[in-house]
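J.: Fit chain U to the supplied structure of chain D, relying on the hints for placement.
Keeping their order, the protein sequence lines are chains D and U. Using our numbering, read the first sequence as starting at 1 and increasing by one per residue. Using our numbering, read the second sequence as starting at 627 and increasing by one per residue.
It cannot be assumed that every hint is accurate.
According to the in silico footprint, chain U covers these stretches of chain D (three or more CB under 8 Å from chain U) [what the hints assert, rightly or not]:
(1) 24-37
(2) 75-84
(3) 167-178
(4) 455-466
(5) 561-572
Below, simulated DSS-like cross-link-like pairs (lysine-lysine); rule was C-alpha separation at most 25 Å, straight line [to be verified]:
(6) Lys545(D) <-> Lys514(D)
(7) Lys282(D) <-> Lys766(U)
(8) Lys555(D) <-> Lys699(U)
(9) Lys92(D) <-> Lys766(U)
(10) Lys3(D) <-> Lys47(D)
Note that these hints are calculated values from the structure, not bench results. Just so you know, even glycine gets a beta-carbon here, dropped at the ideal spot from N, CA and C.
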Amino acid sequence: MNKLVKKIDTAKGKWDKLKDNREPIVYIGAASCGRAAGALELKEAAKAFLDDNKKSARVIEVGCIGPCYLEPLVDIKMPGQPRVSYNNVNAKTLQMILKSHFVNGEPHKKLALGHFGTDDLDGIPRFWDLPMLKPQVRIVLRNCGLIDPEEIDQYLAVDGYQGFMKALKSTAEDVIATVRQAGLRGRGGAGFPTFRKWTVCRESPGEQKYLICNADEGDPGAFMNRSLIESDPHAVLEGMLIAGYAIGASKGIVYIRAEYPLAIERLKRAIGQMREYGLLGKNILGSDFSFEIKIKEGAGAFVCGEETALIGSIEGKRGMPRSRPPFPAIAGLFGAPTIINNVETLGTLPNILRNGPEWYTRFGKEGNRGTKTFSLVGKIRRPGLIEVQLGTTLREIIFDIGGGVQKPFKAIQTGGPSGGCLSEEFLDLTVDYESLASAGSIMGSGGLIVMDEDTCIVDLAKYFLDFTQKESCGKCVPCRVGTKHILEILQKITNGEGTPDDLLALRTLGDTIKKGALCGLGQTAPNPVLTTLRYFRNEYLEHIKDHRCRATVCKPLIEYRVIKEKCTGCQSCVRVCPTGAITGPRSEPHNLDATKCIKCRSCYEVCRYEAIAGDAIVIRTAESKS
Amino acid sequence: MPEQIRRILGKHGRSPDELIPILQDVQAAFGYIGEPQVKAISRYLRISENQIYGVSSFYAQFRFTEPGRHGIKVCLGTACHVRGGGTLLDSLEHGLGIHCGETTEDKRFDVDRVACLGCCALSPVVQIDRDIYSRMTVNKLTELLKNYE
Numbered sequence: 001m002n003k004l005v006k007k008i009d010t011a012k013g014k015w016d017k018l019k020d021n022r023e024p025i026v027y028i029g030a031a032s033c034g035r036a037a038g039a040l041e042l043k044e045a046a047k048a049f050l051d052d053n054k055k056s057a058r059v060i061e062v063g064c065i066g067p068c069y070l071e072p073l074v075d076i077k078m079p080g081q082p083r084v085s086y087n088n089v090n091a092k093t094l095q096m097i098l099k100s101h102f103v104n105g106e107p108h109k110k111l112a113l114g115h116f117g118t119d120d121l122d123g124i125p126r127f128w129d130l131p132m133l134k135p136q137v138r139i140v141l142r143n144c145g146l147i148d149p150e151e152i153d154q155y156l157a158v159d160g161y162q163g164f165m166k167a168l169k170s171t172a173e174d175v176i177a178t179v180r181q182a183g184l185r186g187r188g189g190a191g192f193p194t195f196r197k198w199t200v201c202r203e204s205p206g207e208q209k210y211l212i213c214n215a216d217e218g219d220p221g222a223f224m225n226r227s228l229i230e231s232d233p234h235a236v237l238e239g240m241l242i243a244g245y246a247i248g249a250s251k252g253i254v255y256i257r258a259e260y261p262l263a264i265e266r267l268k269r270a271i272g273q274m275r276e277y278g279l280l281g282k283n284i285l286g287s288d289f290s291f292e293i294k295i296k297e298g299a300g301a302f303v304c305g306e307e308t309a310l311i312g313s314i315e316g317k318r319g320m321p322r323s324r325p326p327f328p329a330i331a332g333l334f335g336a337p338t339i340i341n342n343v344e345t346l347g348t349l350p351n352i353l354r355n356g357p358e359w360y361t362r363f364g365k366e367g368n369r370g371t372k373t374f375s376l377v378g379k380i381r382r383p384g385l386i387e388v389q390l391g392t393t394l395r396e397i398i399f400d401i402g403g404g405v406q407k408p409f410k411a412i413q414t415g416g417p418s419g420g421c422l423s424e425e426f427l428d429l430t431v432d433y434e435s436l437a438s439a440g441s442i443m444g445s446g447g448l449i450v451m452d453e454d455t456c457i458v459d460l461a462k463y464f465l466d467f468t469q470k471e472s473c474g475k476c477v478p479c480r481v482g483t484k485h486i487l488e489i490l491q492k493i494t495n496g497e498g499t500p501d502d503l504l505a506l507r508t509l510g511d512t513i514k515k516g517a518l519c520g521l522g523q524t525a526p527n528p529v530l531t532t533l534r535y536f537r538n539e540y541l542e543h544i545k546d547h548r549c550r551a552t553v554c555k556p557l558i559e560y561r562v563i564k565e566k567c568t569g570c571q572s573c574v575r576v577c578p579t580g581a582i583t584g585p586r587s588e589p590h591n592l593d594a595t596k597c598i599k600c601r602s603c604y605e606v607c608r609y610e611a612i613a614g615d616a617i618v619i620r621t622a623e624s625k626s
Numbered sequence: 627m628p629e630q631i632r633r634i635l636g637k638h639g640r641s642p643d644e645l646i647p648i649l650q651d652v653q654a655a656f657g658y659i660g661e662p663q664v665k666a667i668s669r670y671l672r673i674s675e676n677q678i679y680g681v682s683s684f685y686a687q688f689r690f691t692e693p694g695r696h697g698i699k700v701c702l703g704t705a706c707h708v709r710g711g712g713t714l715l716d717s718l719e720h721g722l723g724i725h726c727g728e729t730t731e732d733k734r735f736d737v738d739r740v741a742c743l744g745c746c747a748l749s750p751v752v753q754i755d756r757d758i759y760s761r762m763t764v765n766k767l768t769e770l771l772k773n774y775e
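One chain only, chain D, in its complex shape (with noise of 0.2 Å):
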């Protein structure tokens, strides 16, 4: 352990050495979203200005600090300055950004988002009380864009593998307690008490035994894991060591979606760093505790989320579930005892260690305690990844955090396609996982998608079952068949061929599949269909009574048309349009014709956006049709 305190120590000096920099350092938000956004390319030009200008800093990537609707960030701290931070970033004002610290010396308050001093500077916000981060506590996001994702020494210098430490000095049972009287309950979306898990498998026979870190990813909509693994990959893995040692396991597997090429390599990155700094291996710290962390790359099932699927997937098999018991706490990955964590919960454990249960509890409800990350998207003014307190209310969430919507809002879907969509009355519901149980949704693993009146709810209930009904790996005839006729019926009603019968008939097909279906993934399933059945009947009426789609959405119901008051006769549609439906000459306003129209959208856009008249395209229902 002598060793680790001494890389502590010189990383700490290296790290005040950072934080009182002596050298300018430019921050860039480079997480995949970020990226997405041209971050790399704004690195680039940093680069490039300072050799330009002959100026030295560090030109350094940070993961993601939250608010994506702000990409790409860009942050520079100054020596004997707060670092300052910049949203939406682009090659002109990165210049003006750049000119303004390095050459006038000062932040460029008009542009500046704000800045993560104590004090006031020049009128510019401080960071953290902007609306979006101010209702917001950050414990596994307490690293996230704050430091460098690549570089355990910054990990450590922020107190990092201290949790593990107080860990390894007490005994496996002894962290067991702490864990249950910090009451932390799994955060992959079944609430499950994470010492509960533990304790079965602790006391499970068996020689070896393995902590698998679920990482799969799979509900569209959620890029919490994603962000986190980026952003502080090495919270997680100091959460598998704490993990690892309580139940006993030697080998543990980081099980993650393929799709995240940035994460896997910033893990494989980071397990370099730990083995080279003694933190796997045999004999750990001089402990008695031995542990190996490989990766293994989820290929792409839904289903592989569901611990018995994803257990299957990593034995080479197609990645179904089986029935449960014995639950892989008994049996699991090749027979042996197996606990699956999700990567949040891991994420969460080195600050339970570090800080102690007492401190953890002050956080969320009785029964929920601690915070959750979400990723909150959708029709949403500012969509990004947040992390709130058990009990903060969804009212809270959309409106302080996120900003309200900009239409009028409508519904929100939680816990992805095994949650539901709720409707307005209940937007003071409290986000904790009994509230959404009741409400008829589920917690999930924390995808937010907020939807306002240009959103179609049987369209998007379709969607979902369209997902699952594709995801569903086959084995169980509720599943496989229900799903099936579920999304036949939503088609044929959104087609506007739907009958009074059809509503009767989901119900029906919704409720057995609850209860027949063999995993949690199968049971949750027809959740979107019965909550909009809930709570928005009347859009399935307007389908199917009056084939009208309120939200324009559901194309064999609606048709484009073109105003012949308000068209300019631009051309500017017929040059967008793939199928020649929109013909005139230029100064005279154009024809559409229906019959050649495959309601692509094109038109509509141009429209829009850049003629000069502007919204001579419309899209109407049907039934508006005279």
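T.: Then chain U, alone, in the frame of chain D:
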């Protein structure tokens, strides 16, 4: 056995749980899982070819036909769906004259859907080869394709 497949197999052990990692390496090297590779894996791991097809066809990642020069993946995650990802896919299918999962005749593009790329806040997104393009529209996508030959 051709050199390339031999090299891939040599990196892995012979236990059955190596199957998926081997298939992933094969696909990375060849672009798809072909018959000769399956035969080689079968001999190496001592499991039947049927079993290999059974496992590989279960997972969305594996393909059995030669891919196009550029792979287009339209994200149809929930966030992308509510912001028009489906329309992007429709227009691509129509524009290129192929269905999702197919390759154009000139082998220039293949089009696929993906459940979620995890860039939900920048939706809708489209991935072409390794690059992710955010906040796409039908027209932006049409323009973008011209950069890929």
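J.: Could you run down the list of hints and mark each one as holding or not?
T.: To see whether the hints hold, each was checked on the structure:
{"no.": "1", "hint": "24-37", "verdict": "holds (count 5)"}
{"no.": "2", "hint": "75-84", "verdict": "violated (count 0)"}
{"no.": "3", "hint": "167-178", "verdict": "violated (count 0)"}
{"no.": "4", "hint": "455-466", "verdict": "holds (count 4)"}
{"no.": "5", "hint": "561-572", "verdict": "violated (count 0)"}
{"no.": "6", "hint": "Lys545(D) <-> Lys514(D)", "verdict": "28 Å, violated"}
{"no.": "7", "hint": "Lys282(D) <-> Lys766(U)", "verdict": "54 Å, violated"}
{"no.": "8", "hint": "Lys555(D) <-> Lys699(U)", "verdict": "23 Å, holds"}
{"no.": "9", "hint": "Lys92(D) <-> Lys766(U)", "verdict": "21 Å, holds"}
{"no.": "10", "hint": "Lys3(D) <-> Lys47(D)", "verdict": "36 Å, violated"}
In summary, the structure is inconsistent with hints 2, 3, 5, 6, 7, 10 from the numbered list given earlier, while agreeing with the others.
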